[in-house]
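Asks: Okay, here's what each chain looks like letter by letter:
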Amino acid sequence: MTAAAIKLADVHKSFGATRIIRGVNLTVPAGQRHAIIGPNGAGKSTLFNLISGRLTPTSGKIELNGEDVTGLPPYQINRRGLSRSFQVTNIFPRLSVWENVRCAVLWSLGYRYAFWRGIDGLADVRVRTEHILAEIDLIDRRRVQAGVLTYAEQRALEIGITIAGGAGIILLDEPSAGMSVAEAARAVALIRRVSQGRTLIMIEHDMDVVFDLADRISVLVYGQIIASDVPAAIKQDRAVQTAYLGTAA
Amino acid sequence: MSDVAGETASVQARSDAGSPGVAAGFFGQAAPWIALALLFVVLPLIFPSGSALTMMSLMGIMIVFALSYNMLLGETGMLSFGHAVYYGLGGFFTVHAMNTVIHNHLPVPLPVMPLVGAFGGLLFGIIFGAVSTRRAGTAFAMISLGLGELVASSSLILRGFFGGEEGVSTNRTKLLRVFGLNFGPQIEVYYLIAAWCLLAMLAMYALKRTPFGRMCNAVRENAERAQFVGYNPTMVRFMAFSLAGLFAGIAGGLAAINFELVNSAAVGAEQSGLVLLAAYIGGVGNFIGPVIGAVLVTWLEVMLSDLTDVWQLYFGLLFVAVVMFAPNGIAGLVMRHEPLWQARAYGSMLRLALAYLIALVPALLLLAGLIMVIEMGYHLSVKASEGPTISLFHLTLNTTSALPWLAAAVLIGGGFFLFRLTWPLVDGVWHNALARAQGAGKAT
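One line per chain: the protein sequences are A and B, in this order.
Numbered per numbering that gives the first Met the number 0, the first sequence finishes at 248, counting up by one with no gaps.
Numbered per numbering that gives the first Met the number 0, the second sequence finishes at 443, counting up by one with no gaps.
Don't take every hint at face value.
Covered, in the sense of this in silico footprint (three residues per stretch, anywhere, with C-beta under 8 Å from a C-beta of chain A), are these stretches of chain B [stated by the list, open to error]:
(1) 196–210
(2) 221–231
(3) 234–244
Some residues of chain A that are not near chain B, with every Cβ distance over 10 Å (derived) [unchecked claim]:
(4) A8
(5) S44
(6) G70
(7) G177
(8) A181
(9) Y221
The hints are simulated quantities; they were obtained by calculation from the structure and are not laboratory data.
Values in this document were obtained by computation on a predicted structure and should not be read as measured data.
Glycine included, every Cβ here is placed at the ideal spot set by N, Cα and C.
All chains should be built: construct the whole structure from the sequences, respecting the hints.
Replies: This is the structure we're talking about:
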């Protein structure tokens with residue numbers, strides 16, 4: 000049996016006396032699309048920050064493809080095949096769209112800190128960058144400074160940067176937040192495409208998006224996972240309904 | 000910002016055109032460098048005087064120094080207050096190496112000596128960079144200031160290496176001769192500096208266009224995001240810092256050759272401030288910015304200090320004016336017009352030039368009034384014993400009479416008033432021109 004893509008064992012995180020994550024156990028097998036839902040302040044983004052290395056857990060263990068990555072810095076975790084997006088758009092605002100994606104491609108193609116070779120002559124970098132831009136439908140906007148893109152375009156670029164390195168595990172933090180219905184539908188189609196053959200974990204508030212995309216859903220309430228099951232079962236779960244979905248659902 | 004647009008434009012041209020485009024792109028890219036090399040060659044023929052050669056030599060050194068500084072500030076977003084450390088130490092390494100070569104009759108010619116400076120700058124860039132680049136932003140700036148003070152004060156204590164107050168001198172003519180050149184005459188030193196300057200410029204320009212160079216920009220823009228695409232921002236900063244030290248060391252080595260003397264001033268805060276001013280006034284957002292800044296600052300330093308004792312005051316005013324009114328520097332002001340140029344809106348550009356000329360008149364009146372106040376005030380407070388009159392703009396002014404002060408006040412007040420009147424004209428023409436250029440851009 001192959002190791003799970005992500006495995007969290009009794010993970011805790013406190014800020015001072017405030018316990019935000021209170022013993023999370025979560026296993027996501029490779030290739031699964033896993034959604035994390037829960038009310039505001041439940042600790043969903045904190046959980047992502049712990050998995051991606053932005054924060055270090057107070058206690059507990061995080062494994063990536065069977066390897067212990069607890070406490071590693073984000074770039075080490077990224078190099079091990081995990082990439083994430085952010086709830087608040089986190090791009091390189093004064094670089095062009097092209098440069099944004101190209102920067103995200105470089106490490107995975109092995110160019111690291113190379114200062115002895117020109118970047119424009121690297122065919123594999125160019126091809127991958129063009130491919131990603133086509134994927135997120137920004138190829139015509141590649142010369143534009145990223146900071147002046149529309150909100151929906153910036154969200155698409157955010158996803159583009161996240162998938163550019165070809166990571167096997169993708170974490171998306173509210174990819175459809177703030178989008179119109181049409182934009183959200185496009186985002187779902189994009190996520191479905193790019194998560195093909197990868198492990199996806201996403202935080203999402205839009206239940207249509209969640210039930211549309213997820214193979215499995217975990218519900219996080221007050222720093223603990225109160226349920227983790229297939230979407231149909233989550234819909235029926237009484238504890239979930241009272242805690243989050245509301246009785247009407 | 001216009002830098003971004005320009006660069007990605009070339010990227011697009013390349014990726015769309017395929018291999019023949021790459022070949023054309025090579026000549027397109029090489030042309031400015033060939034033109035620059037030719038310019039370096041012919042400049043002494045146009046300005047053959049001794050003072051011009053000296054100034055152009057200083058400009059060449061400053062160009063390398065300011066560009067090395069911009070690897071930090073402009074490319075990687077690191078504000079250093081102690082960059083002269085690597086310039087000065089490069090100079091000391093070079094001067095000691097030259098003396099060693101002379102003393103032992105080693106077969107090493109002068110032109111390779113800046114390599115020793117590069118080594119010295121790199122070495123201390125690595126040592127001090129390992130400490131200071133762990134932090135970014137304000138903390139980095141403060142550490143750079145502290146390290147600058149540390150080295151500057153060491154320079155007066157470690158006399159064996161720094162030569163105390165008088166510094167370390169050498170004789171550039173005593174090294175192995177190549178092609179019959181002994182580098183005694185300034186013209187030979189000028190060409191040596193010009194060659195190194197061109198080489199260093201090319202290297203730093205090429206460095207921008209590497210995976211590392213692009214990640215410097217990424218770290219400048221958003222160091223956190225860079226971590227989530229696999230890069231360690233500390234490593235990027237450390238490498239940028241070390242390489243900036245290397246190029247500053249080359250500039251210091253060239254200075255050692257030029258002056259045949261290096262003293263503690265070379266590592267001091269004033270030198271660190273000068274390179275910051277040069278890069279900033281020229282503009283840190285464009286490669287050409289620090290080059291413009293280096294040329295202008297050197298020219299001002301030499302020319303203004305001949306004209307007035309308070310040249311540093313004007314220098315300070317210029318810096319304040321740039322920070323307030325042209326935060327992207329002179330290069331930024333020039334590049335602002337790129338959309339017009341690209342839209343081939345020559346009619347608009349002509350109208351704009353005319354508007355600038357009209358607004359320039361009151362601006363010059365205002366400036367003249369300011370200069371009168373500064374010079375007369377300086378004379379009264381410091382040089383009153385030399386008599387009440389000064390000579391300014393080919394006029395003899397009596398600083399103790401009311402008339403010149405009144406005239407200055409009228410110039411300042413009137414200039415300011417007229418400038419306020421004419422500026423909306425410039426603004427209007429500018430927006431009009433820009434709107435047209437963008438309209439034309441959309442139509443095509």
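Asks: Confirm or reject the statement that A/G70 sits farther than 10 Å, beta carbon to beta carbon, from all of chain B.
Replies: About 14 Å separates A/G70 from the closest Cβ of chain B, which puts it past 10 Å; holds.
Asks: A/S44 clear of chain B by more than 10 Å, beta carbon to beta carbon?
Replies: Label holds. Min Cβ-Cβ 14 Å, cutoff 10 Å.
Asks: Taking the shortest Cβ-to-Cβ distance between A/A8 and chain B, state whether it exceeds 10 Å.
Replies: 23 Å, holds
Asks: Taking 8 Å as the C-beta cutoff, is the stated coverage of the segment 234–244 of chain B by chain A satisfied by three or more residues?
Replies: That given contact holds, which follows from 4 residues of the segment 234–244 of chain B lying within Cβ reach (below 8 Å) of chain A.
Asks: Quick check: do three or more residues in the segment 196–210 of chain B have a beta carbon closer than 8 Å to a beta carbon of chain A?
Replies: The restraint on the segment 196–210 of chain B holds, since 5 of its residues have a Cβ under 8 Å from chain A and three suffice.
Asks: Any Cβ of chain B at or closer than 10 Å to A/Y221, or is the non-interface label fine?
Replies: 27 Å, holds
Asks: Does A/A181 clear chain B by more than 10 Å, comparing its Cβ with all Cβ atoms of that chain?
Replies: At about 25 Å from chain B, A/A181 clears the 10 Å cut-off, so the statement holds.
Asks: Minimum C-beta separation from A/G177 to chain B exceeding 10 Å: can you confirm that?
Replies: A/G177 clear of chain B: closest Cβ-Cβ about 19 Å, beyond 10 Å.
Asks: Take the segment 221–231 of chain B, compare each residue's beta carbon with every beta carbon of chain A, and decide whether three or more fall closer than 8 Å.
Replies: holds (count 10)
Figure legend: structure checked against the earlier numbered hints; every hint is met.
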